[in-house]
Amino acid sequence: MAKIAVIGAGKWGQALQFALSQNQECLITSRTKRDIKNFVSLEEALECQYLVIAIPAQQIREWLEENFKYKKGQKVLVASKGIEASTGEFLNEIYSEYVPENSIGFISGPSFAAEVIKGLPCALVLNSTSKKVYDKFKPFFPDFIKVYYSADVIGAEIAGAYKNVLAIASGICEGLHLGNNARASLISRGLVEMQRFGKKFGAKKSSFIGLSGAGDLFLTASSTLSRNYRVGLGLAQGKTLEDILEELGEVAEGVKTAEAIFKLSEEYTIYSPIAKEVKLILDGKNPKDSLKDLLRG
245 MAKIAVIGAG KWGQALQFAL SQNQECLITS RTKRDIKNFV SLEEALECQY
295 LVIAIPAQQI REWLEENFKY KKGQKVLVAS KGIEASTGEF LNEIYSEYVP
345 ENSIGFISGP SFAAEVIKGL PCALVLNSTS KKVYDKFKPF FPDFIKVYYS
395 ADVIGAEIAG AYKNVLAIAS GICEGLHLGN NARASLISRG LVEMQRFGKK
445 FGAKKSSFIG LSGAGDLFLT ASSTLSRNYR VGLGLAQGKT LEDILEELGE
495 VAEGVKTAEA IFKLSEEYTI YSPIAKEVKL ILDGKNPKDS LKDLLRG
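Residue 245 is where the sequence shown starts when you use my numbering, and the numbers rise one by one after that.
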């Protein structure tokens with residue numbers, strides 16, 4: 245039987261381990277959490293033929309540099325969503341230094357960990373330039389998760405990262421009590437903005453109207469189960485970002501991703517008004533002033 249391990253025991257990592265454990269044994273490892281079923285050392289996990297890496301996006305480069313050495317025949321599935329803030333690099337660019345392109349995939353789509361760990365149905369997309377990676381990983385997923393295939397890695401990455409920034413904006417919208425019309429307008433224009441950003445980097449339009457884009461965006465931008473949405477709510481209520489993140493006790497990827505998208509938009513002259521205002525609000529701008537600027541723009 246193939247050996248599979250999840251690296252990273254946050255809520256999403258634990259949810260994936262639960263799901264993948266339905267059909268076979270699935271190990272898990274983490275720097276901190278050890279009171280989990282099938283917990284093993286990092287060294288043992290890295291010996292597995294199939295790895296699912298659920299480490300926060302901003303920590304990935306350092307983790308790879310310190311811990312990872314690809315073993316021939318391994319297949320890697322990345323379960324993180326974000327863009328590295330310090331460099332503006334996409335995750336596939338970071339991983340390309342460590343894992344062959346034909347051995348890696350990136351999971352995307354609407355999937356709250358709290359619902360996956362209850363066994364509630366959802367659909368995901370496994371994105372890889374090699375369909376063999378999809379063919380290898382698909383049988384590991386349980387019946388309650390339908391897994392589609394796409395070769396548009398960059399499209400899935402941008403959608404998965406961008407939707408977290410838009411979720412912060414949606415939380416701000418809700419926190420300011422701007423109403424359903426405003427939130428629907430924000431989300432739909434956010435989808436256009438995300439697609440425009442993706443086009444600049446060669447992403448396919450279909451990725452943004454499917455599960456990776458619209459599906460994940462609609463989910464993340466409309467529920468308090470979303471950490472990024474709760475960041476937006478807190479900002480609208482006048483809380484400091486530091487206090488909000490302390491209350492969450494978890495990583496909200498959209499915070500750093502907003503910075504990365506802002507930098508890339510400036511560098512490549514991409515019109516990204518919503519992401520820009522989110523970044524400015526995170527830096528201290530009054531959300532009501534951002535609203536005025538968006539309505540005037």
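Since the hints were made in silico from the structure, they are not lab data. Mixed in with the good hints, there may be bad ones.
What the hints assert, rightly or not - Below 27 Å or equal to it, Euclidean Cα-Cα: the simulated DSS-like pairs (lysine-lysine) are:
hint	residue 1	residue 2
1	Lys313	Lys390
2	Lys507	Lys444
3	Lys376	Lys483
4	Lys281	Lys443
5	Lys449	Lys375
6	Lys507	Lys449
7	Lys375	Lys281
8	Lys247	Lys375
9	Lys507	Lys443
10	Lys390	Lys247
11	Lys376	Lys277
12	Lys375	Lys390
13	Lys382	Lys449
14	Lys313	Lys376
Stated by the list, open to error - What follows is a set of in silico ranges between Cβ atoms, one per label pair, in the way DEER data are often shown:
hint	residue 1	residue 2	range
15	Thr484	Val436	45 to 55 Å
16	Gly493	Asp537	31 to 41 Å
17	Glu341	Asp527	54 to 64 Å
Backbone N, C-alpha and C define an ideal beta-carbon position, used for all residues, glycine too.
Hint by hint, here is what the structure shows:
Taking the CA atoms of lysine 313 and lysine 390, the gap is about 31 Å. The hint is violated against a cut of 27 Å. A threshold of 27 Å between alpha carbons decides the hint, and for lysine 507 with lysine 444 the separation of about 14 Å falls inside it, so the pair holds. For a cut-off of 27 Å, the pair hint linking lysine 376 to lysine 483 is broken: about 47 Å separates their Cα positions. Restraint check for lysine 281 and lysine 443: not satisfied, since their Cα atoms lie roughly 43 Å apart, outside the 27 Å limit.
Only pairs whose Cα atoms come within 27 Å are accepted, and lysine 449 paired with lysine 375 is accepted, the gap being roughly 20 Å. Proximity of lysine 507 to lysine 449 is assessed by CA-CA distance (about 23 Å); at most 27 Å being required, the pair is judged to hold. Proposed proximity of lysine 375 and lysine 281 is contradicted: the alpha carbons are some 31 Å apart, above 27 Å. The hinted pair formed by lysine 247 and lysine 375 meets the criterion: a straight-line CA distance of about 20 Å does not exceed 27 Å.
Taking the CA atoms of lysine 507 and lysine 443, the gap is near 17 Å; set against the 27 Å cutoff, the hint holds. A hinted pair counts as satisfied when its Cα atoms are at most 27 Å apart, and lysine 390 with lysine 247 qualifies at roughly 21 Å. Distance hint between lysine 376 and lysine 277 is unfulfilled; the C-alpha atoms sit about 32 Å from each other, more than 27 Å. For the suggested pair lysine 375 and lysine 390, the alpha carbons sit about 16 Å apart, so the restraint of at most 27 Å is met.
Using a Cα cut-off of 27 Å, the hinted pair lysine 382 and lysine 449 holds, with the two alpha carbons roughly 24 Å apart. For the hint linking lysine 313 to lysine 376, the alpha-carbon distance of about 21 Å falls within 27 Å, and the restraint holds. A C-beta distance of roughly 31 Å is found between threonine 484 and valine 436, which places it outside the suggested range of 45 to 55 Å. Our hint of 31 to 41 Å for glycine 493 and aspartate 537 holds, since their Cβ atoms are close to 32 Å apart.
A beta carbon spacing of about 31 Å between glutamate 341 and aspartate 527 contradicts the range 54 to 64 Å that was offered as a hint.
Comparing the model with each numbered hint stated earlier shows that hints 1, 3, 4, 7, 11, 15, 17 do not hold.
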